[in-house]
Amino acid sequence: ISQTHPNASKLPLKDSFTYDDYRWAVSSVMTRQNQIPTEDGSRVTLALIPLWDMCNHTNGLITTGYNLEDDRCECVALQDFKAGEQIYIFYGTRSNAEFVIHSGFFFDNNSHDRVKIKLGVSKSDRLYAMKAEVLARAGIPTSSVFALHSTEPPISAQLLAFLRVFCMSEEELKEHLIGEHAIDKIFTLGNSEFPISWDNEVKLWTFLEARASLLLKTYKTTVEDDKSFLETHDLTSHAVMAIKLRLGEKEILEKAVKSAAASREYYTKQMADGAPLPKYEESNIALLENTVADSRLPIVLRNLDDVEDQGDLKIDEAIDAEVTENGFVNGENSLFNGTKSENENLNKEKSNRETEDAKESFSESTDEVKE
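Under the numbering used here, the first residue of the sequence shown carries the number 1, and numbering increases by one thereafter.
Treat the hints as calculated values from the structure; they're not laboratory data. Check before you lean on any hint, since a few could be wrong.
[Said to hold, decoys possible] Heads up, simulated SDA-like pairs for lysine to any residue below, C-alpha to C-alpha not over 25 angstroms straight-line:
no., residue 1, residue 2
1, K258, D226
2, K227, L216
3, K255, P195
4, K217, R264
5, K220, V240
6, K82, D53
7, K250, G92
8, K217, N110
9, K244, N110
[Said to hold, decoys possible] Pairwise CB distance ranges, derived in the manner of DEER restraints:
no., residue 1, residue 2, range
10, A262, T31, 36 to 44 angstroms
11, F229, A275, 43 to 51 angstroms
12, N59, A182, 37 to 45 angstroms
13, E74, P276, 50 to 58 angstroms
From a predicted model like this one, the values you see are computed outputs, not experimental measurements. Heads up, the beta-carbon is just placed ideally off N, CA and C, and yes, glycines get one too.
With these hints in hand, go ahead and build the complete structure from the sequences.
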């Protein structure tokens, strides 16, 4: 612009404004911009909030809001602070990948850290139409980006529901579509207390264990390698962040592998012992506590960690095929402020179109089933 704009020669900065200055300015704005309401509250706009934005991040809850009447940002302290103490705020439930990319720092002991994993039902799957319909009724697309969390359990209700449908047999799919209490069964898809069957649980945890293990193999270094490298090398701050980020991702994947293996072994034993499946009272279904992701049922699983177009995945491909690419999509979040939820609504048009396609193809398959 400084070289091509006709009035550029009149700018006082033309001889001193460098590319490095430009990069600094862009980085300052991109890491500190916040979405706030306009004065009439009809839409949101971007703004810098200098004093508030000097606060660093810590684990906690979002205690910042916007007072439309007074047209100001208001923040309540997370705790009592003494004079001279640093004041911290909570930026939001962001992963370390998002912190590194959008805010330029790595947060140790991030209770909301996670890695993303792409999963989808292959259209060549013989049961694709039925699986797509069950997922559609639960508000889940057939291909999505989910997250493996640093906490236990490592999967959300949405991912649990997807994996259950992903691993369902034809008979189990029929039960969720045309069986008795089919609607109620949709409501418990994401509830860890009510398995579809012991066999289904064994399959889904076996799949997750294999998938996480394969993703671990895509890294050129191990957890031990990264820890040793951090201890024995004099690194730049950027290099430290990069190594900590990949180390954190590996640790989450290792936890997911161990958790999935433990669950697989548990449900294998339940199946071998012929243990009865837990049953729920139909009248109490809406009061059930979902131990995965701390949500209540019934659940309409419409909000995912992220959604992207991607290739489909067969269960045998995930377990047997050699993975050559990292399946993570870390940092792909267009929100740069910590005051807005990172979860975006699904593209309704795409979801509705996918649902209608599934219903159309499923209607043909159900005719065959009824015959």
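Hints, one by one, checked against the model:
no.: 1; hint: K258 <-> D226; in the structure: holds, 20 angstroms
no.: 2; hint: K227 <-> L216; in the structure: holds, 16 angstroms
no.: 3; hint: K255 <-> P195; in the structure: holds, 22 angstroms
no.: 4; hint: K217 <-> R264; in the structure: holds, 21 angstroms
no.: 5; hint: K220 <-> V240; in the structure: holds, 17 angstroms
no.: 6; hint: K82 <-> D53; in the structure: holds, 19 angstroms
no.: 7; hint: K250 <-> G92; in the structure: holds, 23 angstroms
no.: 8; hint: K217 <-> N110; in the structure: holds, 24 angstroms
no.: 9; hint: K244 <-> N110; in the structure: holds, 12 angstroms
no.: 10; hint: A262 <-> T31: 36 to 44 angstroms; in the structure: holds, 39 angstroms
no.: 11; hint: F229 <-> A275: 43 to 51 angstroms; in the structure: holds, 46 angstroms
no.: 12; hint: N59 <-> A182: 37 to 45 angstroms; in the structure: holds, 41 angstroms
no.: 13; hint: E74 <-> P276: 50 to 58 angstroms; in the structure: holds, 54 angstroms
The structure agrees with every numbered hint stated previously.
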